[in-house]
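Chemist: For the protein sequence lines, the chains are P and G, in the order given. Residue 1 is where the first sequence starts when you use the numbering used here, and the numbers rise one by one after that. Residue 1 is where the second sequence starts when you use the numbering used here, and the numbers rise one by one after that.
Worth flagging that the hints you see were computed from the coordinates, not collected in a lab. These numbers come from a predicted model, not from an experiment. For glycine and all other residues, C-beta sits at the position ideal for the given N, C-alpha and C. Treat the hints with care, since some could be wrong.
[What the hints assert, rightly or not] Label-pair ranges, simulated between beta-carbon atoms: (1) G/R22 x P/Q2: 23 to 33 Å; (2) P/Q2 x G/I12: 30 to 40 Å; (3) G/E97 x P/K27: 20 to 30 Å; (4) P/Q2 x G/R15: 25 to 35 Å; (5) P/S82 x G/Q17: 33 to 43 Å; (6) P/N96 x G/G3: 31 to 41 Å; (7) P/T108 x G/Q41: 14 to 24 Å; (8) P/Q2 x G/P96: 18 to 28 Å; (9) P/S7 x G/R22: 43 to 53 Å; (10) P/E5 x G/G56: 15 to 25 Å.
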Amino acid sequence: SQELEQSPQSLIVQEGKNLTINCTSSKTLYGLYWYKQKYGEGLIFLMMLQKGGEEKSHEKITAKLDEKKQQSSLHITASQPSHAGIYLCGADPGSNYKLTFGKGTLLTVNP
Amino acid sequence: ETGVTQSPTHLIKTRGQQVTLRCSSQSGHNTVSWYQQALGQGPQFIFQYYREEENGRGNFPPRFSGLQFPNYSSELNVNALELDDSALYLCASKTPEADTQYFGPGTRLTVL
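With the hints as extra help, turn the sequences into a complete structure.
Modeler: Set out below in C-alpha cells:
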C-alpha cells in the first residue's frame, strides 16, 4: 500500500515569511492532491498535480510534483494568518478518488 | 462552500451502540466516499459508493456499512461502537466530469 510522509509535522512562522511543506510517497504518485483543513473541519481543495515536473499556483500558494513523481512540495509566499491550518497531501493510486493521506502539517502564522 | 453537508455536527454515543451519519451532496454527485480521521492523523478511506453500489472499501471491518440514495444523499452506519471509533467522519463527493472530490464539514463522533 502507498504511504505518504509529510514534513515538517508542524511549523510556526512569522507573518510575511515564506515556507515549504513536503510530501514524500513510498510509490510513484499518479495523482497528488493538496488540501487545507481548519481544526476539526472539512477539507478545502487547493490543487491537484498529475504530471512529473508539474507546477501549479493559486494566489500565494505554489505546489510542485517532482520529475520522478515521488515527492511534492507546497510553498507559501509571504504567509498571512489566514494561511494557518493543517495542510494534507493525498495520493490517488488508482485514479479512482480513494485517497491515501499523509498525517498533515500544522501551520501557525503569528502576526 | 463545497455544497456537501453532513449531519449531525457532533454526536456522543456509548460503547456497543449503533450510529448513523448522513451526507448530502449536490445534484449529479454520483460518487461518494467516506473517511475516518482520528485526532492528529490524516483521513483514512472507509469505502466509496458509485451509483448506489459499493465501489471499494478500505481496511475497515464489516460493522462499518453504508448506503447511497438516488437523491445523492448517503449514510454511514457503524454497529457495536468501540472507543477507537471516536473520530471526525468526512464524506466527499464528485460528479463524473470533475477531477477532484469535495469534502463536507464532517461529523465529530465521540464514543464513551
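Chemist: Confirm or reject each hint.
Modeler: Here's how the hints hold up against the structure:
no.: 1; hint: G/R22 x P/Q2: 23 to 33 Å; in the structure: holds (30 Å)
no.: 2; hint: P/Q2 x G/I12: 30 to 40 Å; in the structure: holds (34 Å)
no.: 3; hint: G/E97 x P/K27: 20 to 30 Å; in the structure: holds (27 Å)
no.: 4; hint: P/Q2 x G/R15: 25 to 35 Å; in the structure: holds (32 Å)
no.: 5; hint: P/S82 x G/Q17: 33 to 43 Å; in the structure: holds (39 Å)
no.: 6; hint: P/N96 x G/G3: 31 to 41 Å; in the structure: violated (21 Å)
no.: 7; hint: P/T108 x G/Q41: 14 to 24 Å; in the structure: holds (19 Å)
no.: 8; hint: P/Q2 x G/P96: 18 to 28 Å; in the structure: holds (24 Å)
no.: 9; hint: P/S7 x G/R22: 43 to 53 Å; in the structure: violated (36 Å)
no.: 10; hint: P/E5 x G/G56: 15 to 25 Å; in the structure: holds (24 Å)
Consistency with the previously given hints fails for numbers 6, 9, ordered from lowest to highest.
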